[in-house]
Each structure stands twice: as structure tokens, then as C-alpha cells.
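Each chain is listed here by its residues.
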Amino acid sequence: DAMVIQNPRYQVTQFGKPVTLSCSQTLNHNVMYWYQQKSSQAPKLLFHYYDKDFNNEADTPDNFQSRRPNTSFCFLDIRSPGLGDAAMYLCATSRPRGQGNGYTFGSGTRLTVV
Amino acid sequence: GENVEQHPSTLSVQEGDSAVIKCTYSDSASNYFPWYKQELGKRPQLIIDIRSNVGEKKDQRIAVTLNKTAKHFSLHITETQPEDSAVYFCAASPVSGGYNKLIFGAGTRLAVHP
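Protein chains in written order, with this note's numbering: chain A, 1 to 114; chain B, 1001 to 1114.
Hints are computed from structural coordinates only; laboratory data are not their basis. Any given hint could be a false lead.
Pairs of lysine-lysine, PhoX-like flavour, derived with a Cα cap of 20 Å [what the hints assert, rightly or not]:
1. B:K1057 <-> B:K1022
2. A:K38 <-> B:K1042
3. B:K1042 <-> B:K1057
4. B:K1068 <-> B:K1058
5. B:K1058 <-> B:K1022
6. A:K44 <-> B:K1037
7. B:K1022 <-> B:K1037
8. B:K1037 <-> B:K1057
9. B:K1071 <-> B:K1057
10. B:K1022 <-> B:K1068
11. B:K1042 <-> A:K44
12. A:K38 <-> B:K1037
These numbers come from a predicted model, not from an experiment.
Full structure from sequences and hints, please.
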């Protein structure tokens, strides 16, 4: 009964080669988030969408972009992956504030850069 | 900006003992404090949460306490079991716009020894 689905679970990409990670949800949540989690570290918010409105965190590198073509899907594009971008990428969804605070996380995509 | 500090970074207990993890947040306007359990290679799972209008919440062996004046909250696990071994993350949700941004602590690696 997976409700936030990330594909693929594991992704290997070459240094500098663009890569796209995908996330889909069946919860009809307004808000979708992308977090980066490096080994033994806390998840770090990269950006989020509130419906179609895109919100970038101030310290998210320009190398990271996102698209949300509809309510159900959200993509993370890494334009030129570097070795430092190797991490677990977590997608999460939630309702807007005031309608419940809980996040639902996807299983994550572990990105390896070679 | 918002910051959440979490201690200790590692915690080792014997089965049956209690475990306590503490977090401090910087934004006094934060009003939602979830705790996540993350097993190796898996997604973070919400285990308990508390809102700023409540001082304590309990769910079986797990409890969370909140001290708004001191801006800290704690996770208490009683009668620990080996399956409690995981990384635990606290988080705080500052009041910002219509979405539920979560700022995570750095995590506590809990090991429960039989």
C-alpha cells in the first residue's frame, strides 16, 4: 500500500551526466518535498512545491532543479552531478499547515556518482 | 535561521533499560515536533509527535515531553527491545507559510543490546 513511490530505488550516474529522480503520490497531498540525506546525517530540505508554487531553500545549489507537472508527480533533476551529490534522496508529501502536520516519506532513491 | 540540536549522537543501552534522546530548537514559534525512526536503508517513519499546546504525549513504550519555555523536547523509550535499534531524528516545524517545513536534528543512533 505504498502511497509515496520513488523510482528508482538505486541510481548510478556518471560524473557530470544529468540524472532525474521521480516521485509519485496517491494521497492527493498539496505539498511535495525533496530532501537530501547524506550518510549519517539528517535529511536536508532542498525545495518543496505547494501545489504548483515552487519554493527553493536558500542554500540549495543551482545544480538541483525540480518539476511538478501535476499533483501526483514530482521530479528532481540534477544537471551535472558531482561526487558530493551522492546521497539518499527522499521525497515526502504533506497536507498544508492546519490540515495535519504529518509527512509521508517515500522509500528514497540512493544516488551513486561514479 | 531555524536550528535543531539533538543529543546524544549515539546511545547504547541494555535490553529492558530506558533510553532518552533530547532536542533543542531555536525558533520559538515552532509548533509541531515529530520524532522519526529510520532503520538502515529505509525511509524515516513517524513514531510519535507533539504539538506546542501539549506538554506530554505517550504511546505504549514511547513518550515525548515538550518544554516550550526552555525550547526543548525529549523522546523517552521504556523497556527497550533490540528492534528499537535504529537512528532516531527529532524535528521542529517553524511557522512559515502554508506548508509544514521540518527542520531535523542530526540524529541519534540507538543500539539496544540483548
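Comparing the hints with the structure gives:
1. B:K1057 <-> B:K1022: It holds: about 15 Å lies between the C-alpha atoms, which stays within 20 Å.
2. A:K38 <-> B:K1042: holds (13 Å)
3. B:K1042 <-> B:K1057: Answer violated: K1042 (chain B) to K1057 (chain B) is near 26 Å, above 20 Å.
4. B:K1068 <-> B:K1058: holds (18 Å)
5. B:K1058 <-> B:K1022: Roughly 16 Å separates the two Cα atoms, so the pair holds.
6. A:K44 <-> B:K1037: holds (16 Å)
7. B:K1022 <-> B:K1037: Distance of about 14 Å is within 20 Å: holds.
8. B:K1037 <-> B:K1057: holds (17 Å)
9. B:K1071 <-> B:K1057: holds (16 Å)
10. B:K1022 <-> B:K1068: Since the Cα atoms of K1022 (chain B) and K1068 (chain B) sit roughly 13 Å apart, the hinted pair holds (cutoff 20 Å).
11. B:K1042 <-> A:K44: The given pair, whose Cα atoms are some 16 Å apart, holds under the 20 Å limit.
12. A:K38 <-> B:K1037: Roughly 16 Å separates the two Cα atoms, so the pair holds.
Of the hints listed earlier, the one the structure fails to meet is number 3.
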